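Same order as they appear, the protein sequences are chains L and V. At position 129 of the first sequence the residue is numbered 129 (our numbering), and the sequence of numbers has no breaks. At position 42 of the second sequence the residue is numbered 42 (our numbering), and the sequence of numbers has no breaks.
Simulated from the structure, these hints should not be mistaken for laboratory data. You can trust all of the hints, since none of them are fake.
To be clear about the criterion: a stretch of chain L counts as covered by chain V if any three or more of its residues have a C-beta under 8 Å from a C-beta of chain V, and this derived list gives those stretches:
#1 3-14
#2 17-25
#3 28-37
#4 41-54
#5 103-116
Using C-beta positions, here's what the derived DEER-type ranges look like:
#6 L:Thr144 / V:Ser92: 48 to 54 Å
#7 L:Asp102 / V:Ala128: 39 to 45 Å
#8 V:Pro68 / L:Gln5: 34 to 40 Å
#9 L:Lys9 / V:Asn133: 34 to 40 Å
#10 L:Asp102 / V:Arg23: 32 to 38 Å
#11 L:Glu6 / V:Tyr46: 21 to 27 Å
#12 V:Lys120 / L:Thr138: 29 to 35 Å
#13 L:Arg98 / V:Ala27: 36 to 42 Å
#14 V:Ser144 / L:Asp53: 39 to 45 Å
#15 L:Val48 / V:Leu24: 22 to 28 Å
#16 L:Arg98 / V:Asp199: 49 to 55 Å
#17 V:Leu58 / L:His55: 41 to 47 Å
Below, in silico cross-link-like pairs of lysine-lysine (BS3-like), each with a Cα-Cα straight-line distance of 27 Å or less:
#18 L:Lys153 / L:Lys27
#19 V:Lys4 / L:Lys27
#20 V:Lys4 / L:Lys57
#21 V:Lys120 / L:Lys57
#22 L:Lys69 / V:Lys6
Everything numeric in this text was worked out from a predicted model, so none of it was measured. Glycine included, C-beta positions come from ideal geometry on N, C-alpha and C.
Residue strings, one per chain:
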Amino acid sequence: MRSEQETVKAIERYADTVRRLCVIHLKNDADTEDIFQTVFLKYVLSSVSFENDEHEKAWFIRVTINACKDLLRSFFRGHTVSLDEVPEQPAELPPDYRDVWDAVFSLPQNYRDVVYLHYFEDYTAPQISRILGKNVNTVYTLLTRSKRMLREKLGGEYDYE
Amino acid sequence: MNDKFKEIFGQIRAEEELKNRTRLFLAGKTRGYARAGTEKRRRPVYAAYAAACLLSVLLGGRWLYFAPIAEISIDINPSIELRVNRFDQVISVDGLNGDGQALAQGLDVKYRTYTAAIEKILHHDRIAALLSNDEVMAITVSGSDELRSVRILSEVEACTAEHRNTYYYVAPPEDAAAAHELGLSCGKYRAFLELRRLDPDITPEAVGEMTMREIWELAGRLSPDGGNGLPPYGSQENGHHGHHGRGGNANKRRRRMPSPALARYSSSSAEDSGGFPPIFISCHFSLVMRSCRGLDPSKGPTYPRSSSWSTSRAARE
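So that you can see chain L by itself, here it is in the shape it has in the complex (with noise of 0.2 Å):
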């Protein structure tokens, strides 16, 4: 088991990650909590030893992704809660941002995972693949699409490279 020294201080370097990987699975700031709380317990309990920081990041990015499939395929869960429905956009969010958001949240979930970690986490496919532990080529596939869904939902004057 982890020492509280070691578990306090990957919380505050992992808990916006988990946070955002929660707010693009799930829907509710409850099971937004269970996750969370789920992810760091495990962190706690887990004998794995890190071999840098981005392998940290990683198990963290991985385990939050599975926890969050995991509720998401319980029948009752699944039985209860529209998978479809946007999160709601932060107070903060500029006007500008609000048709992304709109756009981004509402990809197919897959899809939002690669948005994710290609746009902001910076990683590259074969990284998001071994992460993910998908196909090289499906995650590339993940990303093409996701780039004409946007297109198609925002027009054709963004970037996406």
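Based on these hints, arrange chain V on the given structure of chain L.
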């Protein structure tokens, strides 16, 4: 455009309140990180246990070491069962179906700690291939010492945190005995009871040879609501399945969800389940921890402690 993506995702941040609640949650779950702080101090205790064990063995008391106090059943198909002694070491590995027996013969996990054994099993070629093929894995711990079972389950979950489609349960010892009478593991036994509620013609032999995913899919097909409302086997009363939760959240979910399975189980009886008592299954170890250890008494247990463990009448999921 990349800037816009960075801007919108950057707007999402973990609130300080959420971080603080998580710190408190973790401190509660780990009893103030007590184990980490006392790791070194506990070594002499383990040494004393080991010395006592050795002495007992020398005196002819081998039973102390070889008495199983918990069983960990792992079901994918194969189904195998690890018996664990009081020193957290695996003392036997049994295959409970054809695939399981073949696998058990090829495993060298005896006399290892159960965490090392689980990790070795997960890295076994056959298991790794099944898991990468999106198969469902159910891990069930049963034993007469409920707190120890919960601790074992939490350690096992930590070992398997990186695997999807893995579900964790605690079962009382009487259910383990009933499962063994039918030649099933605990996980398969639970699945069998659930499937038999839906299809009285199902046999333990048939369930024993099915993969957990096949059981899942069959339960879905047999379910009156077309499979969307019924898990492959029992679930906790509020359907809180496969992940941790705060008591508050669990309560919220219970209020929010109609919990059709609960209604079914609540009204079920031994007769309903064909003479077999409905079994108690812990949805998730954190719920059990909360309930058994009283770590979060203000939120209240998800189910009464006395009924959750000591009786097999309480059904889950």
